[in-house]
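Number of protein chains: 2
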Amino acid sequence: MEEKFIPDIVIGRLPIYLRALQGMLSENRRVTSSQELGERLGISAAQIRKDLSQFGEFGKQGTGYSIEFLADQIGKILKVDRVWDMAVVGAGDIGSAIARYQGFANRGLQVAMVFDNDPEKIGSQIGSFVIEDIKDLKQKIQESGILIAMIATPSLAAQEVAEELVTAGIKAILNYAPINLSVNEHVHVQYIDPVIHLQRMTYYL
Amino acid sequence: MEEKFIPDIVIGRLPIYLRALQGMLSENRRVTSSQELGERLGISAAQIRKDLSQFGEFGKQGTGYSIEFLADQIGKILKVDRVWDMAVVGAGDIGSAIARYQGFANRGLQVAMVFDNDPEKIGSQIGSFVIEDIKDLKQKIQESGILIAMIATPSLAAQEVAEELVTAGIKAILNYAPINLSVNEHVHVQYIDPVIHLQRMTYYL
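From first to last, the protein sequence lines stand for chains A and B. Using the working numbering, read the first sequence as starting at 2 and increasing by one per residue. Using the working numbering, read the second sequence as starting at 2 and increasing by one per residue.
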């Protein structure tokens, strides 16, 4: 595929389209339109058509999109037509919930390792995982070639953990700790902090 | 305060500024600049100045911002200078993690009620909360005047729960179930789905 610069904001919408398409597939739907997708997602049909047109022709004027075909194509673009192993650091409430989360299945992602530094947790199980010692993090991640990690540690530990993950070869971090991480610009970082979303809504109440 | 239309994308950045400022306060810092904030957040200094200028004058040219003053002002703008009670629906792994989450403290939010429909869970405790019967959701939310809810149910239940919440008077929903909700346009909805963030990064790997 030729290299073409696509704005990150467009890339950010593709997973939302993909989720909606997979939802339609689970309803045994076959064909959809940019109008219908737009209504489901609160995004204009024109925006959806424009976003998709950056990657090629996925539908015919007047006949709409084959849901399965479009979902496959977006999955390929996002590289989730394979399954990525992920490491979770922090086996508290949030880390445990992530490790047991059913929502990764069929979406190209799976948890492969869980680490903690608490001697009482190390060696015990969360779901099907044995919690590993954070001291072994670098070696285990390097051996496995894992590129994606989720940080679910207390805020105070998150920066140090991030640096260790990057040293171990991690290229993408999803950070649940409510602080901004400072890492090498070649490492991708995304954040999940419920308060950020909630405060965006309290403004309007 | 006079009513002035501020783009939602600007409102969406204010909680991120506030979190960074509160982080600086916890480091006993007094004064910051749009440059420093920008570097911490990966947002340009000009963008930060432009965003803040929508709401007034918060700093003086050359002397920077008083961190405490700016945090207070943003807190007022976002209406988190008070504490909002929230309801959590779904007491599985994610709902339980939210109910016990320490990160709401001092950020204008607190969990006040947790609901589930599982007879084995109803009446048992998560942290300091007794799990309540979802059958009582409408009445309890109406009586308490709660406006904010978090949905942490399985996907299949989320739309129905959302409709019940809206009927009960909820005006803002943070949805952890990986589906798009369809609700009255006067109700604010935000989403947390780790897969959306992760797939946005796999594109680059």
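Errors might be hidden in some of the hints.
In this list, chains with the same sequence are indistinguishable; a pair is considered to hold if it fits within one copy or across any two.
Said to hold, decoys possible - Taking lysine to any residue and the SDA-like style, the derived pairs with C-alpha atoms no more than 20 Å apart in a straight line are:
(1) K80 - Y204
(2) K5 - A46
(3) K77 - E58
(4) K5 - L206
(5) K51 - G13
(6) K141 - Q191
(7) K77 - G124
(8) K51 - R41
(9) K77 - H198
(10) K172 - S67
(11) K77 - N107
(12) K77 - Y205
(13) K141 - R14
(14) K61 - S45
Keep in mind the hints are simulated off the structure, nothing from the lab.
Hint check:
| no. | hint | in the structure |
| --- | --- | --- |
| 1 | K80 - Y204 | between (37 Å within a copy, 6 Å between copies) |
| 2 | K5 - A46 | neither (23 Å within a copy, 28 Å between copies) |
| 3 | K77 - E58 | within (14 Å within a copy, 47 Å between copies) |
| 4 | K5 - L206 | between (42 Å within a copy, 15 Å between copies) |
| 5 | K51 - G13 | within (14 Å within a copy, 24 Å between copies) |
| 6 | K141 - Q191 | neither (23 Å within a copy, 36 Å between copies) |
| 7 | K77 - G124 | neither (37 Å within a copy, 46 Å between copies) |
| 8 | K51 - R41 | within (17 Å within a copy, 33 Å between copies) |
| 9 | K77 - H198 | between (29 Å within a copy, 16 Å between copies) |
| 10 | K172 - S67 | neither (33 Å within a copy, 36 Å between copies) |
| 11 | K77 - N107 | within (13 Å within a copy, 43 Å between copies) |
| 12 | K77 - Y205 | between (38 Å within a copy, 12 Å between copies) |
| 13 | K141 - R14 | neither (33 Å within a copy, 37 Å between copies) |
| 14 | K61 - S45 | within (18 Å within a copy, 40 Å between copies) |
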